[in-house]
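Read off the chains here:
2 protein chains.
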Amino acid sequence: MHSLDCFFSPNSVAVVGATEKPGSVGRAVLENLRGFGGMVYPVNPKYSCLLGRPAFPRVAAVPGKVDLAVIVTPAPAVPGIVRECAGAGVKGAIIISAGFKESGAAGAALERQILGEARSAGMRIIGPNCLGVMAPHTGLNATFAAGAARPGSVAFLSQSGALGTAVLDWSLSENVGFSAFVSVGSMLDVGWGDLISFLGDDPATQSIVMYMESVGDARSFLSAARRVTLTKPIIVVKVGRTEAAARAAASHTGALTGSDEVLDAAFRRAGVLRVGAIEELFDMAEVLAKQPRPRGPRLAIVTNAGGPGALATDRLVASGGELAEFSPASMAALDQILPPCWSHGNPLDVLGDADAARFARAVEIAACDPGTDGVLAILTPQAMTDATLTARQIVASAARSDGKPILASWMGGACVEHGEAVLNGAGIPTFKYPDRAVSAFTHMWGYSASVSALDEIPAPSPGAQASGGRRGQAGEIVAAARRAGRTLLTGHESQQILAAYDIPVVETRVALSEDDAVAAAELIGFPVAVKLHSETITHKTEVSGVRLDIRGADAVRQAWRTMREDVLGKAGEGSFLGVVVQRMIAPGGYELILGSSLDPQFGPVLLFGAGGQLVEIFRDHALGLPPLTSVLARRMMERTRIYAALKGIRGRRPVDLPALEEILVRFSRLVGEQRWIREIEINPLLASSGQLLALDARVVVQPPGMREEQLPTLAMEG
Amino acid sequence: MHSLDCFFSPNSVAVVGATEKPGSVGRAVLENLRGFGGMVYPVNPKYSCLLGRPAFPRVAAVPGKVDLAVIVTPAPAVPGIVRECAGAGVKGAIIISAGFKESGAAGAALERQILGEARSAGMRIIGPNCLGVMAPHTGLNATFAAGAARPGSVAFLSQSGALGTAVLDWSLSENVGFSAFVSVGSMLDVGWGDLISFLGDDPATQSIVMYMESVGDARSFLSAARRVTLTKPIIVVKVGRTEAAARAAASHTGALTGSDEVLDAAFRRAGVLRVGAIEELFDMAEVLAKQPRPRGPRLAIVTNAGGPGALATDRLVASGGELAEFSPASMAALDQILPPCWSHGNPLDVLGDADAARFARAVEIAACDPGTDGVLAILTPQAMTDATLTARQIVASAARSDGKPILASWMGGACVEHGEAVLNGAGIPTFKYPDRAVSAFTHMWGYSASVSALDEIPAPSPGAQASGGRRGQAGEIVAAARRAGRTLLTGHESQQILAAYDIPVVETRVALSEDDAVAAAELIGFPVAVKLHSETITHKTEVSGVRLDIRGADAVRQAWRTMREDVLGKAGEGSFLGVVVQRMIAPGGYELILGSSLDPQFGPVLLFGAGGQLVEIFRDHALGLPPLTSVLARRMMERTRIYAALKGIRGRRPVDLPALEEILVRFSRLVGEQRWIREIEINPLLASSGQLLALDARVVVQPPGMREEQLPTLAMEG
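Residue numbers (this note's numbering), protein chains in the order written: chain A, 13 to 730; chain B, 13 to 730.
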């Protein structure tokens with residue numbers, strides 16, 4: 013028995029706060045339970061009978077065993093009711109009542125009481141402040157919604173009750189069915205992770221679609237999703253992109269914590285498909301339940317008209333798919349069945365006079381070509397077109413499609429209606445417009461790609477012992493700074509931490525006096541760069557704290573003096589500790605950024621992308637959750653635009669990508685092991701065909717008062 | 013009388029090639045003309061009677077006057093028929109027949125004959141290779157489509173007949189009506205410009221929607237669109253984004269000619285609204301016909317549930333709109349009518365228990381706030397919600413909306429159906445999902461903004477005389493290069509052309525010997541930069557043709573020697589003419605690009621954006637058509653991401669934006685006046701708070717064989 017069984021297949025339900033008052037929630041819930049086959053017990057001390065059923069003053073007074081309580085009383089009464097339920101052996105409660113944490117401190121205190129009662133008795137809670145739960149296959153409708161969901165194979169979880177009512181109303185008109193329909197409310201106890209885990213094992217559920225406002229317990233969500241997405245698609249609309257985007261922060265990496273992009277990275281890592289609109293949610297639930305997942309991004313477009321084919325092509329390329337190229341064998345086979353003036357390529361235009369046989373045969377050839385990962389068939393109702401017969405023959409072709417997804421767009425109204433029904437009946441999803449079909453295909457591929465990346469399991473970090481001095485060496489630098497009451501490491505300390513993890517850094521010496529600076533420069537050899545050494549100033553360019561290409565002792569002295577003056581004038585005596593002298597790096601190559609900071613929900617998050625002064629303008633970066641494998645590191649790199657340059661463009665030689673991957677993997681290990689680091693950023697990480705070099709790094713550590721048990725942990729471990 | 017009247021309101025129509033053969037195009041056209049009130053004459057020498065009408069052997073044999081001929085005969089017969097029609101005083105012909113230029117050279121020759129016949133007689137032609145024309149208000153259906161369009165206020169023009177059939181079939185199911193329905197075919201004579209111009213004056217047409225595959229006569233299209241969009245929206249789906257994007261070219265600017273982005277720039281300049289999908293085409297036709305245009309991007313969202321409001325907000329920000337902020341007066345008014353726990357901001361959550369009066373009053377307050385440019389009302393059908401009454405009261409509120417657009421999304425199925433009908437009936441467009449409503453709003457604002465920019469009329473270029481030496485000076489450099497048989501100007505020549513138009517260039521001297529180079533450097537003063545001087549090598553960085561920060565005579569000599577060796581090794585003797593010596597520019601500032609090249613359809617096109625070595629990676633640029641005003645120049649700048657940096661970020665001072673505007677305006681004048689320039693690119697144009705400076709320029713001129721009359725002209729002049 014799963015602890016959530018009581019919500020979806022209880023034998024008996026008590027409605028606490030049931031009434032007959034017209035328009036009341038208590039009455040609506042009681043009425044909605046009419047179709048339920050098990051026992052229903054209205055509980056209300058004021059009545060002995062409600063809507064024809066005997067009523068009981070308290071849950072404890074119910075003669076039979078109660079599996080599930082649905083609570084609709086005012087909020088202040090709820091903790092007592094939950095205690096009573098727990099005492100009576102009730103396994104779960106749906107708290108529909110509002111008036112809890114959303115209404116202030118008193119409500120939040122009530123929630124804590126409820127949770128305490130429930131936890132101590134092992135009772136589970138859905139809500140509070142929710143619409144309720146429907147399990148259409150068991151006839152259970154424990155909600156106050158106007159109407160019951162039809163049975164089907166989609167589990168719908170919504171963090172907005174109102175949106176749930178709209179989806180329900182829409183589903184009744186559109187004939188969409190559900191295996192479960194859950195309004196999660198404020199998720200006091202049962203959250204996304206519990207529900208995903210339960211529905212993952214539910215044989216009636218083929219796909220899980222979610223409307224999400226907040227992620228709740230991130231680790232529970234991620235670990236359940238990772239397991240379930242291997243067999244059932246999870247599709248999410250998550251709102252709130254905007255809110256988070258508005259925040260400002262001191263560093264580029266820091267600005268991303270708590271942002272919507274972190275969530276994207278987490279969803280991708282767990283194999284969850286995120287879509288942007290409610291309509292896509294159900295489109296994708298249908299498509300993924302009916303069709304196999306594509307093994308690549310290459311779509312073949314078979315159409316009886318050029319225009320819609322061009323529309324589909326535009327959308328395909330814009331949404332990250334690829335236009336498949338047909339093999340010579342397929343081209344020859346197509347030449348055999350098509351008139352000479354066919355398009356001779358993809359989109360495959362079978363021409364306006366195509367009959368059903370020609371159209372279906374073309375679909376089959378396209379599906380069986382080794383260069384395609386899926387087929388979209390587009391039909392417009394022209395003079396010679398038989399939309400229904402074409403649909404029938406394509407259904408037959410699809411059976412020989414080599415395990416590839418087939419989608420269709422029968423464009424028009426009455427002329428194509430019957431053909432659409434034929435396709436839908438055979439499990440080929442249809443779309444009113446070809447561009448929407450294409451978006452569905454590229455979403456399928458995105459989902460498919462992230463599910464296949466679930467196999468990437470990073471090697472566990474070796475223990476502190478095994479990794480030798482490395483972890484300890486870096487840890488000691490961090491600890492020393494914290495002991496000194498500092499949270500910002502110097503550039504030199506930051507560099508030593510990177511070096512401990514074999515991340516290449518430029519040769520650097522700290523100089524605390526003018527003479528030291530000259531000596532350091534001479535040891536390194538001219539030309540050198542001279543940079544400010546400070547424990548307080550973090551963005552050196554803002555105080556002209558960087559001098560490049562210095563070619564002699566006099567110039568070193570001059571740099572020391574002007575830099576000192578400038579800092580003293582702008583930031584005061586204490587900000588100037590001296591300078592660091594570095595080997596001058598030849599210009600050329602690309603400036604990258606590699607960083608990590610702590611997300612309040614997901615712990616450490618990695619950032620890789622284009623660096624330099626325009627980092628915030630171009631925002632060309634990808635986020636990922638540590639730890640990384642080299643494959644996951646490459647995937648992160650591939651999601652940036654600058655990756656095209658790193659691969660080599662316009663005759664420039666490529667960067668050593670395997671070495672760069674390795675740097676990302678080591679950096680992710682650093683972040684996982686050095687838990688006292690709050691934020692770390694290498695910018696720029698200089699990358700050219702000859703070298704990879706961290707030129708500048710910035711590390712912020714946890715404040716002295718922080719205790720070890722307060723430190724965030726990796727979201728993806730364990 | 014307009015020359016296109018014959019197509020939309022003829023008194024008499026001849027069908028040349030009419031037959032009774034079932035399934036034939038000739039029969040379909042004749043049958044479709046049954047509902048037409050004027051005279052219909054079947055023409056076919058084989059029959060004396062067709063479908064109950066007397067038939068005639070030739071157009072000349074028809075007893076009455078023929079306004080319009082619909083020709084469905086095989087292609088080879090068409091030129092003769094057109095000549096005969098011209099002789100008989102027919103004013104226009106719709107050529108449905110296929111087999112012309114799309115089928116090869118012979119077909120193209122037939123087209124030329126047809127055009128010759130028609131032009132000499134002043135007869136107009138629609139087609140060939142089209143579905144035909146419907147004018148529902150006059151009962152004319154001169155197509156072979158299965159069905160007749162309903163009358164309405166939208167004119168639909170399609171370059172794909174097949175897509176036309178799908179749209180027609182869909183429109184019959186969805187009850188959408190048309191003022192005109194035109195399949196344009198291959199646009200031998202009548203093109204977009206003619207049709208837009210005609211429909212712009214047609215009182216039955218409120219909006220024009222187009223499916224476009226190619227732009228045809230760009231000047232005619234732009235000038236008609238510019239005039240008509242002031243009063244009627246023109247909404248276009250244009251396919252083929254992909255095709256053009258695949259082309260490679262030698263320069264960044266050059267890669268854009270013929271590209272889809274040029275078309276975007278042209279559409280924007282003419283006030284045409286481009287959308288990405290067929291469904292948006294009709295959404296926008298409805299919205300723009302029913303609602304006033306917003307005066308800004310700020311939307312107020314009024315909702316009875318938080319979730320859909322959040323969805324709408326995410327889409328608003330993602331699509332370039334802005335969340336309106338309510339004034340203190342509105343906030344106070346809202347506090348009066350809403351429960352204490354309302355959202356106190358935008359989205360304005362009127363809460364789940366809102367009755368119609370509360371909801372409608374909130375919409376009215378939002379609409380009347382001076383800080384809003386439009387309102388979206390979102391309703392979900394909750395327990396207390398009266399979707400129909402709320403719709404009625406919002407209709408009343410909308411009448412007091414201060415001329416701002418009101419959109420609605422009544423989410424759900426049967427529960428909201430009647431409310432939707434109420435809103436639609438009152439001219440408030442409804443959307444199934446709030447995110448689509450938001451996209452419609454941001455499209456409205458985009459359209460509104462480009463229509464208001466139509467007032468920007470650049471001052472005409474002063475004549476060659478008036479502009480003094482400038483035009484002549486630059487022209488002479490170009491002419492000299494062409495006389496010498498060159499098309500690529502040297503860097504120094506390119507710089508002189510810029511200088512002639514007062515575009516600031518860095519102090520530069522050409523040195524043809526090693527000693528000259530040293531002398532030049534000493535004249536300019538160290539440090540200097542030394543760059544390759546070549547008439548053949550265009551991308552200097554590929555041959556290490558750039559040495560920076562040279563601080564002495566020896567270093568100049570060394571630069572000369574290594575550069576010479578490198579070029580000789582890679583490109584041969586002739587490629588090394590010497591070096592140019594430039595004043596060394598202090599590092600810092602942003603690298604911009606400013607360029608122009610010739611688009612085959614639109615003539616010179618301007619490009620502005622982020623420059624430097626990653627120009628092709630970030631593709632951060634905006635295109636525009638010359639000539640520019642300073643307002644149009646600013647608009648171009650605003651469309652780039654780097655604009656945020658130019659305005660000043662992270663404590664860095666802003667660039668002198670008015671001066672930068674002025675450089676764009678001067679550059680656009682240069683491009684307009686120097687018609688022998690084929691391509692010109694400044695990269696980088698260095699921009700910092702203290703200076704704006706063209707560091708490097710590249711100019712390509714027309715080959716020697718080119719004649720003046722072959723030169724492209726500005727698309728936007730005249």
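Honestly, I wouldn't trust all of these hints.
To be verified - Covered stretches of chain A, going by a simulated chain B footprint (3 or more residues, C-beta under 8 Å): (1) 171–177; (2) 277–284; (3) 301–313; (4) 419–426; (5) 652–658.
If you are wondering where the hints come from, they were derived from the structure by calculation, not from laboratory data. The beta-carbon is built from N, C-alpha and C at its ideal position, and this holds for glycine as well.
Structure-based check of all given hints:
Residues of the segment 171–177 of chain A with a Cβ under 8 Å from some Cβ of chain B number 6, which satisfies the need for three, so the listed coverage holds. Counting residues of the segment 277–284 of chain A whose CB lies closer than 8 Å to any CB of chain B gives 0, which falls below the minimum of 3, so the coverage claim is violated. Counting residues of the segment 301–313 of chain A whose CB lies closer than 8 Å to any CB of chain B gives 0, which falls below the minimum of 3, so the coverage claim is violated. Counting residues of the segment 419–426 of chain A whose C-beta sits closer than 8 Å to any C-beta of chain B gives 4, which meets the bar of three, so the coverage hint holds.
For the segment 652–658 of chain A, the proposed coverage by chain B is satisfied: 4 residues have a C-beta within less than 8 Å of a C-beta in that chain, meeting the threshold of three.
Going through the hint list in order, the structure does not satisfy hints 2 and 3.
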